[in-house]
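Take a look at the letters that make up each chain.
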Amino acid sequence: MDERGSRLELVAELTGHTDRVWCISWHPTIPLFASCSGDKSVRLWKLDGGNGTWSCVSVLDDAHKRTIRSCAFSPDGRLLATASFDASTAVWERDESTGDWECIATLEGHENEVKSVSWSASGSLLSTCSRDKSIWIWEVVGESDFECLSVLQEHEQDVKMIKWHPNEEVLASASYDDTIKIWREDDDDWYCSDTLKGHGSTVWAVDFDQTGNMLASVSDDRTLKFWQRRAPDDNNSALGYRQDPKWHCIATLPEHHSRTIYSVAWSKVHGRVATTGADNCIRIIEQVQPTTTDMPTFTVATTLIEPHGHSDINSAQWCPLDREGLGSLLATAGDDGAVRVWRYAS
Amino acid sequence: MTDKLLNANPVVYDVGTISNRARRPEDEDESVADPFDAEEIFDLIRHINDPEHPLTLEQLNVTQPELVAVDNDSSHVLVQFTPTIPHCSMATLIGLCIRVRLLRSLPDRFKVDIRVSEGSHQSEHAVNKQLNDKERVAAALENSHLLEVVNQCLLTAVEK
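So the protein lines, in turn, are chains R and Y.
Position 65 of the first sequence, counting from 1, maps to 65 under UniProt numbering, and the rest follow consecutively.
Position 152 of the second sequence, counting from 1, maps to 152 under UniProt numbering, and the rest follow consecutively.
FYI, nobody ran anything at the bench for these hints, they're computed from the structure.
Note that CB positions come from ideal geometry on N, CA and C, so glycine has one too.
Wrong hints could be hidden among the right ones.
[Stated by the list, open to error] Below, in silico cross-link-like pairs of lysine-lysine (DSS-like), each with a Cα-Cα straight-line distance of 27 Å or less: (1) Lys197/R / Lys246/R; (2) Lys46/R / Lys65/R; (3) Lys129/Y / Lys133/R; (4) Lys129/Y / Lys197/R.
[To be verified] Computed list of chain Y residues with no C-beta within reach of chain R, every gap over 12 Å: (5) Ser74; (6) His87; (7) Asp133.
The task is simple: from the sequences and hints, build the whole structure.
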């Protein structure tokens, strides 16, 4: 394996959660991130710029009755959405005077566990997905009002994760039915514009690259796949069909982890991809841009073995801030209840 | 649970009441590392009560020592089990009981895979997928009714 001298250095080890930590979401404008857990709480961790230390600045624990599976900051950083096994999604707002986060809305409608929540790039749409096989698209209509625009029910099984495109109103969903679906809007009507087949088992996570023309996906089949969006076929448009771009698998890294892969994160700052899974490893992948063809290839730059001891690693997320080297920070969450912050050094 | 049993007259197998393991000299030696083996894992699950019958999984031949594999060095356990009938709707519950028993008994380092033995269930793929999806397992264990049923099945295993 090509390790190329790059490595992940431990920056902080953050404890406080009393159960498995499922998911991490970075704040879009300040060095702060949220972690959510089986202990039914969300913790906010902030970097003290003065002394460079990380500490817990808030605990949000009074909105959900069961595991909080997913959390996501809105693109302006003003709101935090949390999705729970209790079938609800809560939206929190920071009170500027007290600094406390307050639950301003609870979105209900899913029949059972909500597994993922994601904001569109503009912040005007919020999406949730559930074991009930549906995806709900919510519109932010007021200070604390959310209106359901659409319920998408084309997946045959649980929808594990959803992720909005980085700059368009396009949504990707990953499912227990082994597929990824791409959703678009046409005149207030949301529809599935593409179904990406190829994974041999549950797709646990997806993430777009900074341009939104590529997508990475990870699965229980232990592979990492890269997909590229291509312009629609001219024949189709001539025949009057919808002209949706289609996604093609351009690379598969087989046996990328030795057990289920739970998380994939594509840095919008430097383009590196981080994956984590049930084999207790973090892997960092770099894109190698070839000169002779237009097909990118991918290579593993670093593997960190057991950064959370014997525990599965459920989430790894890159810091989105492109300043002061903050983009090289990666936060990880494990079954050991710990959250760790790493610095990637190449 | 349904009033009508799925398999009203299961075959009951004769089993020993205690572990068949012969004691070896090194078992008494505290300085010798004692790796986990298949027999030990089997001992943990053999006495789990069937959800439908007042019989253990071993008595129903649902669990068998040959269907347990342990790799102590790579901290991996694979348990296969054989439902009494191929359309057994209790298969995921039985598998969940085995998983919870091992979750509560084994050190954290072990990764556990649980499957129905090959060809023993008509929904083999679906059952296996569900039993090894940690998110589904976590959600199931937050269901207090289901947890109560699991705990009932495990009573007989823990008392031994």
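Hint check results:
1. Lys197/R / Lys246/R: holds, 12 Å
2. Lys46/R / Lys65/R: holds, 26 Å
3. Lys129/Y / Lys133/R: holds, 16 Å
4. Lys129/Y / Lys197/R: holds, 18 Å
5. Ser74: Label violated. Min Cβ-Cβ 9 Å, cutoff 12 Å.
6. His87: Consistent with the label, histidine 87/Y stays out of reach of chain R, its closest Cβ about 21 Å off (over 12 Å).
7. Asp133: Non-interface label fails for aspartate 133/Y: nearest chain R Cβ at 7 Å, not farther than 12 Å.
In terms of the numbered hints stated before, the structure departs from hints 5 and 7, listed from lowest to highest.
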